[in-house]
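Residue numbers (numbering that gives the first Met the number 0), protein chains in the order written: chain A, 0 to 498; chain B, 0 to 905; chain C, 0 to 461.
It should be emphasised that the hints constitute simulated quantities derived from the structure, not laboratory data. Predicted model only: the values in this text are computed from it and were never measured. Where a beta carbon is used, it is the ideal one built from N, C-alpha and C, also for glycine. Careful, some of the hints might be misleading.
[To be verified] Across the chosen pairs, the derived CB separations fall in these ranges: (1) C:ASP178 / B:SER107: 47 to 53 Å; (2) B:GLU866 / A:LYS247: 19 to 25 Å; (3) A:PRO482 / C:TRP72: 39 to 45 Å; (4) B:ALA584 / A:SER448: 55 to 61 Å; (5) B:GLN848 / C:LYS387: 29 to 35 Å; (6) A:ASN103 / B:LYS484: 37 to 43 Å; (7) B:GLY631 / A:SER448: 26 to 32 Å; (8) A:PRO482 / B:ASP94: 27 to 33 Å; (9) C:PRO106 / B:GLY72: 38 to 44 Å.
[Stated by the list, open to error] Only some residues are given here: those of chain B computed to face chain A with a beta carbon under 8 Å: (10) GLU300; (11) TYR410; (12) ILE662; (13) GLY742; (14) GLY873.
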Amino acid sequence: MDNYKKLIQEQLLRNAQVNSRRHFLKDCTLGIGGLALGSFLQSCSPNSIPKNNYSTVDRTLNPLAPLAPPFAPKVKSVIYLHMVGAPSQLEMFDYKPELQKLHNQKCPKSLLEGKKFAFIRGEPTMLGPQASFSQAGESGNWISEYLPHFKKVIDDVAFLKAVHTDQFNHGPAQLLMHTGSARFGRPSIGSWATYGLGTENQNLPGFVVLSSGGTPDAGKSVWGNGFLPSVYQGVQCRSKGDPVLYLKDPKGVSRGLKKDIVSAINSINHQEFLEYEDPEVLSRINQYEMAYRMQIAVPEVMDINSEPESIKEMYGVKPGEESFANNCLLARKMVEEGVRFVQLYDWGWDTHGTNHNTSVDLGLRNKCREIDRPITALLLDLKQRGLLDETLIVWGGEFGRTPMQETREGKTNKYKGRDHHGDAFTMWMAGGGIKKGALHGATDEIGFSGVEGRVSVHDIQATILHLLGFDHEQFTYDYQGRPFRLTDVAGNVIQEILA
Amino acid sequence: MKRNTFSKIISGILLILLIFIFFGLKPEEKVDFSTQVKPILNKRCISCHGGVKKNAGLSFLFQEEAMSITESGMPVILPGNAKKSLLIQKLHETDPEQRMPYQKEPLSKEEIDILTRWIDQGAEWGAHWAYTVPKKETLPEVADEFKELGFLRQPIDYFVAARMEELKLSPNQIADKEILARRVAFDLTGLPPARPLFDAFISNKISYENLVDSLLNSNGYGEKWASWWLDLARYADTKGYEKDAGRSIWQYRDWVIRALNDDMPYDTFSVEQLAGDLLPNPSVDQLIATAFHRNTMSNDEGGTEDEEFRVASVIDRVNTTFDVWQSTTISCVQCHSHPYDPIKQNEYYKLMAFFNNSRDEDTPDEAPNFRIYSDENTKRIASILEWSAQYGDKKTIEDLDKFFQYLEPKYQLHNCKDFVNGELSDSKYLALRNNGSAYLRNVNTQGNTNLYFYYTANPRGTEITIRNGSAKGEVLAKFPAKQSKWTIAKVPFKPVNETIDLYIESKNDGITPLRTGSKILWFAFVPELPGKGEIGFNKIEKELLELINNPESLTPIMIENPKHMQRSTHVFDRGDWTSKGEEVAAGTPEFLNNWDNEWEKNRLGLAKWIVSEENPLTARTLINRVWHQLFGRGIVSTIEDMGTQSEPPSHPALLDWMAVNFIESQDWKLKSLMRSIVLSGTYRQSSKINKEKKQIDPKNEYYARGPKLRLSAEEIRDQTLAVSGLLSKKMHGPGVMPPQPEGIWGHAYMGDLWKVSKGEDRYRRAVYTYFKRTSPYPSFMTFDAGSREVCSVRRLPTNTPLQALVTLNDPVYLEAAMNFAKIHLELNSIEEAIKMMYNKATLKKINVQKLQVLKDLYDAAITEYEEDPAALDGFLDLKEITDKRLAALTLVANAIMNLDEFLTHA
Amino acid sequence: MIDSLVTLLGRFHPLIVHLPIGFLLLGLMMAFYDRKEKKHLGILKFAFLWGAISTLLAVITGLVQYDQEGYQWRDIQWHLIFGILTTGLSFAYYFHLIDFVFFKRIPEKLLVFSLLFVLILTGHLGGNLTHGSDHLIEPLPQGLKDALGMETPAVLFELNPDTFRELPFYGGVVQPILDLKCVSCHNQKKSKGELLLNDYKGIVAGGESGEVINFEIPRKSLIWKYIHLPLEDEMHMPPKAKTQLTKAEIKVISRWIELGADEKKVIKDLGLERSVFSSFFPKNTMGIYPKIEIPAANTEVVENLKDLGINIAPIFKTASFLEVSCVNMSLFEDQFLDSLLPIKDNIVYLDLGKTKITDSVFSSLVKFQHLTVLKLDNTEITGKGIGKLSGLLHLKQINLTNSNFDFEILPTLFSFPALTDVFLFQKDSMDYNSDNIPQNLKAVFEFGNYKVDAIPSDKIIY
């Protein structure tokens with residue numbers, strides 16, 4: 000029994016401080032709760048303190064404390080796979096036999112008036128799909144030969160064939176997809192999720208970003224916190240060097256010494272607190288302890304080599320390099336450890352056909368190979384660990400590509416390539432709350448515009464929030480005198496793909 | 000008996016009557032529109048009956064709309080007769096379908112009562128408090144208790160004391176000298192006080208006033224307050240958007256620092272930035288000041304439409320002007336009239352007309368740029384102009400001088416249309432192939448005889464012909480575009496005096512049909528240099544061309560369109576720039592001060608309108624923002640918005656008094672304003688929090704205690720370098736690059752360009768750090784700095800583990816800690832060193848427990864390094880040979896530089 | 000000034016109105032008491048004189064208040080009429096008492112009872128005006144309200160996800176939507192465009208612009224057209240200012256019309272896919288958790304456990320069931336489970352993954368009766384004694400990934416009442432021959448061990 004006492008004693012000692020801090024705050028939370036809250040949520044004047052009355056005490060001490068959503072959630076965490084540059088749906092998921100027949104013919108005038116393209120001017124010719132398609136799984140959904148492995152998991156996935164957006168430049172389109180507005184200054188989906196739900200694992204960031212091949216065109220704002228406090232900003236984890244900036248202890252400072260430094264700082268700060276009774280000091284003591292714990296937890300979760308050979312083989316990981324495969328394995332490890340929102344970016348899908356890498360028949364096929372096996376492995380790995388039903392996986396780009404061959408400055412590009420096209424493209428979702436093998440929406444015979452089941456970018460965001468347990472129209476934050484929403488003034492939950 | 004009961008009844012009735020009359024005569028309490036009625040309308044009605052939605056044709060936004068006939072056929076408000084007004088009846092309705100507010104819970108009894116009395120009293124419409132010109136308030140009398148405490152040092156204190164009295168609060172006593180000195184030093188200069196100055200103040204050799212004055216006169220003042228202004232100006236060293244290429248605009252940053260240090264009055268400071276180029280023969284500085292509005296982002300991404308992003312910059316300029324000078328969220332009005340403030344949609348576009356006629360057109364070279372030549376070249380150009388002045392009239396010389404300064408006016412060729420064998424390469428340059436042609440429509444060459452153009456051409460060169468009107472038009476110029484990299488060339492041009500279309504043709508048989516012969520960015524038509532035909536003219540002309548081709552540095556500035564290149568401004572239907580509505584002329588919104596007809600109808604006029612004493616918002620906004628920087632909270636806490644939906648001011652009389660005082664007696668001087676605040680008793684209070692005050696005033700709205708704030712991102716870096724003796728006091732110059740982890744800048748197009756600056760530039764103040772919009776300096780971002788894509792009025796302070804990691808492990812802070820320890824290692828004892836270091840860092844004497852804690856840390860480190868000396872080599876990767884004593888003391892220094900006392904000012 | 004005096008007078012109505020109630024009731028009681036001996040006529044006369052005067056005063060102040068305070072005529076008309084009637088009757092009774100002219104011939108019983116009835120009715124209506132008509136009914140228990148035929152407002156129209164197919168499409172789904180969004184303007188009392196939408200007959204009958212349902216070409220039906228018009232079009236229904244139909248509601252009404260707008264047909268026979276109705280399923284479903292009401296856990300205990308570092312949060316804000324996770328407490332041991340016992344009934348989700356628990360934990364886990372999801376992944380659990388958990392009626396998911404689970408024990412799980420998923424993937428697991436798992440339980444056990452082996456095309460660089 001004494002072992003039990005010793006252990007619980009040590010545990011209680013470590014948390015006694017938290018205890019005293021929490022009680023100190025709680026018994027006078029009314030008194031200085033406002034102060035603590037005020038100074039912490041500086042911009043929130045009383046009437047805009049988040050209406051969903053999160054327990055202010057926990058939030059003051061630790062802004063990422065886990066909280067319950069307003070409605071019954073279907074998932075606990077989200078993995079969002081964004082293909083930067085807009086993958087060509089006509090070579091991957093949207094099978095268009097008619098387009099094959101029109102290959103190399105002049106593009107009908109009707110498709111061009113009133114439309115704005117990034118590069119196409121004059122009359123381009125049609126470009127048939129470069130890949131052959133086949134049906135797979137019981138659902139019989141179409142899949143191209145560029146994604147051979149994906150056949151194994153096609154029945155776990157729900158397709159959205161007619162997603163549309165009104166932006167046709169990379170930067171604004173990525174901002175719209177991830178922050179609900181094409182202009183700068185709005186919080187990203189991950190920030191809204193951690194602001195609303197906090198995160199389970201207190202030794203890891205709540206919103207993690209992993210990128211491969213380059214950073215998105217809109218820069219850090221696609222995982223920015225906008226007008227929310229900066230603690231909800233995405234934390235970019237790098238597979239080369241320090242996973243989180245300045246994480247590693249400097250050379251010559253052992254773990255033990257770092258612990259002495261942090262406890263020295265906190266004991267002096269505690270004296271400072273007794274003199275000034277400013278709750279911000281308490282909060283800072285808490286953050287230094289969390290920083291110390293993060294220094295162990297983050298490298299552990301980011302260490303791919305600790306995984307067994309069979310798993311590494313399954314994903315096709317390349318240790319020590321920055322690759323999409325590594326990031327998929329890391330995403331599963333993060334979700335398994337209780338991180339709320341993992342955002343992956345893979346750069347290099349902008350297949351205009353200006354050179355070999357951006358050609359739709361060659362470059363695109365290499366890119367598909369880079370993601371095919373890791374995504375299949377990710378879905379199967381989550382399923383075998385019982386995590387698939389608690390996690391939502393979203394795959395997509397910021398818009399689609401045109402059925403016509405791209406012409407630039409009046410000249411047809413050297414390689415086969417497609418221009419940006421926002422009217423109709425494909426995205427898919429899988430995991431908790433998603434109907435397996437569903438297919439929603441369809442495009443016309445040549446894949447130019449959506450004819451049925453059209454779904455907007457805000458509908459996708461509304462569905463993600465719905466599965467996390469929010470009503471996207473009630474989940475607001477007050478700023479500049481009015482409540483703001485992720486889905487701005489639009490968005491309907493896509494019922495057709497919900498289980 | 001009967002008579003006497005009768006008299007009793009009569010006297011009873013008389014008494015009752017008397018009471019009635021007394022109550023009848025007592026004036027009913029006047030209902031005030033803006034503090035009682037407007038908040039109810041804003042909260043409960045305006046979302047369906049306002050600027051955005053006008054259900055049943057009714058809006059409570061403007062007086063005439065509220066009183067006008069609605070779809071129900073009659074007005075809802077009948078002044079003087081609440082009973083018959085439809086508004087009041089609708090509030091009493093029981094049927095949920097009829098009752099207002101529709102499908103929400105009904106108004107409370109008091110709210111209905113206020114509205115009823117308001118209508119009965121004639122339904123007078125009042126203006127919002129912020130839209131009436133501030134009046135000079137008299138100083139309120141306050142209890143002598145405040146006087147005895149020595150609290151009343153500045154007029155400000157009287158207003159603060161009066162409000163405190165209302166809540167029976169008493170001020171804290173004055174803060175200790177060390178705390179106060181450190182607080183005021185950071186608030187004024189962003190640095191801890193220099194040691195000699197601090198010691199003089201502590202030993203009472205100099206008074207608090209002298210301390211404040213010397214801080215205000217130090218260069219640090221300009222550098223600290225520049226960071227605040229550059230947030231508002233959305234200053235950055237790159238263009239933003241996807242490419243985010245570099246931009247040389249650092250001259251503007253230096254102008255802001257110099258202007259603040261010279262204590263330029265705020266009205267001149269504003270006018271020069273908004274319309275310096277329109278002042279009568281503007282100086283170099285006044286031109287560079289206009290770069291304020293050239294901080295807007297420009298998009299060079301291939302395939303983007305330049306006009307769309309020019310319009311986006313103009314819209315950003317309107318929004319930023321009103322965010323910075325009027326704290327009014329005018330950006331809402333782009334698409335519909337303002338949801339709660341009385342601003343109509345077309346008033347937004349009247350404001351836009353002021354900004355819609357500037358020469359910049361989102362071109363890759365960011366023209367117009369102010370060209371600064373080397374001193375020697377500047378002298379050469381001046382002497383050439385002097386020489387040619389003998390032969391030409393004054394105006395031509397002036398036009399030429401201006402042209403050599405910023406190469407305007409010119410025609411950007413991205414406006415070319417109808418290409419044959421040619422196109423806009425990368426949607427930027429006119430690129431013509433063999434037998435290629437294009438039209439540049441409605442060009443007015445003002446009869447000038449010289450065509451300057453900026454071009455590049457490949458090996459075989461191309462023959463360019465420009466004709467008047469069409470392919471068969473009269474040849475105006477014919478010249479070979481010889482092979483060269485991007486350069487400005489000059490050719491003669493046939494004078495034409497009316498607006499014509501230019502037909503540009505290019506012929507180059509030597510290249511394959513698909514090869515581009517030449518790329519041209521712009522044409523400029525310039526008068527002949529006087530003195531043609533004189534001896535040596537050709538040599539001079541060639542030298543002049545060579546001089547203007549290599550300026551030393553460029554700074555984008557604002558230049559107004561000449562008469563013949565004016566643009567018209569239209570209302571955008573629902574804010575969409577592609578669907579233009581009715582045309583509008585430049586004008587200012589009605590709800591603010593009216594226009595004085597002497598003012599010019601351009602940006603200069605707008606600037607004068609903003610800084611005129613009639614404008615109710617300019618002074619209040621500036622006071623509120625400075626107060627927010629010093630106290631951590633504005634008098635109007637929502638500092639980004641002073642409209643009807645904003646928080647009411649906690650001290651309205653104080654705000655108005657300071658606004659009027661700032662204009663009249665401090666004549667717009669920022670230093671005097673700051674001096675009057677930091678000398679006040681309110682500011683000097685200690686920031687200790689005690690229990691009773693916490694209950695009454697948790698948010699310190701009544702300033703019953705001094706401000707305790709976390710230092711800004713810039714101050715944290717500067718203090719660390721200053722305390723450890725590494726800070727370089729060098730000022731001005733292009734952005735510097737202190738160390739940052741690699742891979743931050745890995746951008747697809749441009750690779751990693753972050754070259755760590757050598758020597759002194761590695762330890763410069765944070766305001767000089769190179770600022771790239773898509774990946775700003777990481778430790779600033781962690782400490783809540785904005786990314787400056789848009790004007791950011793407020794930095795939201797947070798408290799996160801990532802901040803701890805920066806100050807614990809960032810090499811910049813480790814290097815400082817090492818240096819800080821090294822300079823104290825030689826003292827006779829470690830305790831002595833720790834005492835010294837603690838005092839230097841926090842300017843406070845260390846107490847026994849804290850000394851013990853740090854000494855224990857030191858000993859623990861010593862024992863560890865004795866057991867494992869190997870840990871010492873390559874200590875902290877700083878390439879310094881460190882013995883165990885230096886290493887241990889460095890860890891102590893690192894701990895001191897992470898204390899709450901160090902990262903905040905009490 | 001006079002105007003405010005008059006309003007002041009009006010304001011006295013609620014005060015004065017209590018006088019007649021007092022005087023007349025007392026008078027009637029005394030009249031009843033004195034019905035035989037008739038000894039106290041004088042007192043009765045005095046009582047009914049002042050009763051009548053006070054009723055008259057009440058009526059006057061009532062009229063003034065109606066005029067001043069902007070009340071609607073149709074709300075107060077009955078109260079006013081009966082008030083005047085009470086005054087008339089009380090004067091009549093007074094005159095009867097003083098044998099005034101013909102009043103004495105009216106039979107006393109008639110006067111007494113009619114006066115009593117009118118007085119009570121006026122009082123009741125007055126009470127409704129001031130305190131709302133449901134003032135007395137509202138506190139009644141729900142059962143009584145239904146008995147009284149009080150239709151409780153359709154709080155939020157919801158369909159039961161399991162039984163909705165049996166409902167008639169019109170009666171079960173379409174009409175409730177119309178009730179929520181259209182009937183408020185299209186009912187007997189107020190039928191805009193003379194169109195009644197509150198029942199099938201009204202819908203088929205149509206309104207002033209003819210039929211609204213076109214059986215030959217469903218898409219031509221006015222209802223179908225108006226609900227699809229853009230919001231700006233003034234024929235768009237429901238009107239712009241009212242609450243709009245959601246996308247799902249528009250789809251339901253359109254499909255109903257397109258399938259012949261039948262009154263009786265059941266959803267099952269119309270072959271409608273589930274997604275048409277899914278947005279009407281209750282949002283706050285318990286999902287896989289037990290559908291039982293239990294008292295919320297004691298917050299003090301929850302706070303103390305949180306201080307220990309255990310994550311505790313309700314499964315959603317208003318639920319009393321709790322999710323408990325020890326993700327931040329890798330030191331967690333079997334004995335610690337005892338500290339969770341005070342809230343054992345509330346715990347439905349318990350994540351002990353990656354902690355120091357051993358097989359002895361099963362003996363205390365049995366006490367958590369509502370436990371539905373149990374995660375024991377990445378622990379030393381071998382499964383010995385797991386059979387004890389067969390008593391848990393709600394246990395649906397057990398996660399034993401990467402534990403030391405001994406597959407021999409697997410059969411003990413076959414008898415578990417509610418198991419839907421058991422995750423048994425082991426790092427270096429051997430293949431377990433799954434043929435001795437009963438056919439119906441095959442889907443429950445997830446052995447994982449999936450392979451995504453490289454295929455030749457993975458090597459080709461295009």
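Hint by hint, here is what the structure shows:
1. A C-beta distance of roughly 30 Å is found between ASP178 of chain C and SER107 of chain B, which places it outside the suggested range of 47 to 53 Å.
2. A hinted range of 19 to 25 Å holds for the C-beta pair GLU866 of chain B and LYS247 of chain A, which are about 22 Å apart.
3. PRO482 of chain A and TRP72 of chain C have their C-beta atoms about 40 Å apart, which keeps the hinted 39 to 45 Å range intact.
4. One distance hint, 55 to 61 Å for the beta-carbon pair ALA584 of chain B and SER448 of chain A, is violated here, with the actual separation near 41 Å.
5. A hinted range of 29 to 35 Å is violated for the C-beta pair GLN848 of chain B and LYS387 of chain C, which are about 54 Å apart.
6. The hint said 37 to 43 Å for the Cβ distance between ASN103 of chain A and LYS484 of chain B, and at roughly 39 Å that hint holds.
7. At roughly 53 Å, the beta carbons of GLY631 of chain B and SER448 of chain A sit outside the given window of 26 to 32 Å.
8. Checked against the hint of 27 to 33 Å, the pair PRO482 of chain A and ASP94 of chain B passes, with Cβ atoms roughly 30 Å apart.
9. Checked against the given bound of 38 to 44 Å, the beta carbons of PRO106 of chain C and GLY72 of chain B, roughly 54 Å apart, lie outside it.
10. With a cut of 8 Å, the hint placing GLU300 of chain B at the interface with chain A holds, because the nearest CB-to-CB distance is about 6 Å.
11. Against a cut-off of 8 Å between C-beta atoms, the interface hint on TYR410 of chain B is violated, since the closest Cβ of chain A lies about 21 Å away.
12. Using the Cβ-Cβ criterion of 8 Å, the hint placing ILE662 of chain B at the interface with chain A is not satisfied: the shortest such distance is roughly 27 Å.
13. Because the beta carbon of GLY742 of chain B sits about 6 Å from the nearest beta carbon in chain A, less than 8 Å, this interface hint is met.
14. Because the closest C-beta pair between GLY873 of chain B and chain A is about 6 Å apart, less than 8 Å, the hint holds.
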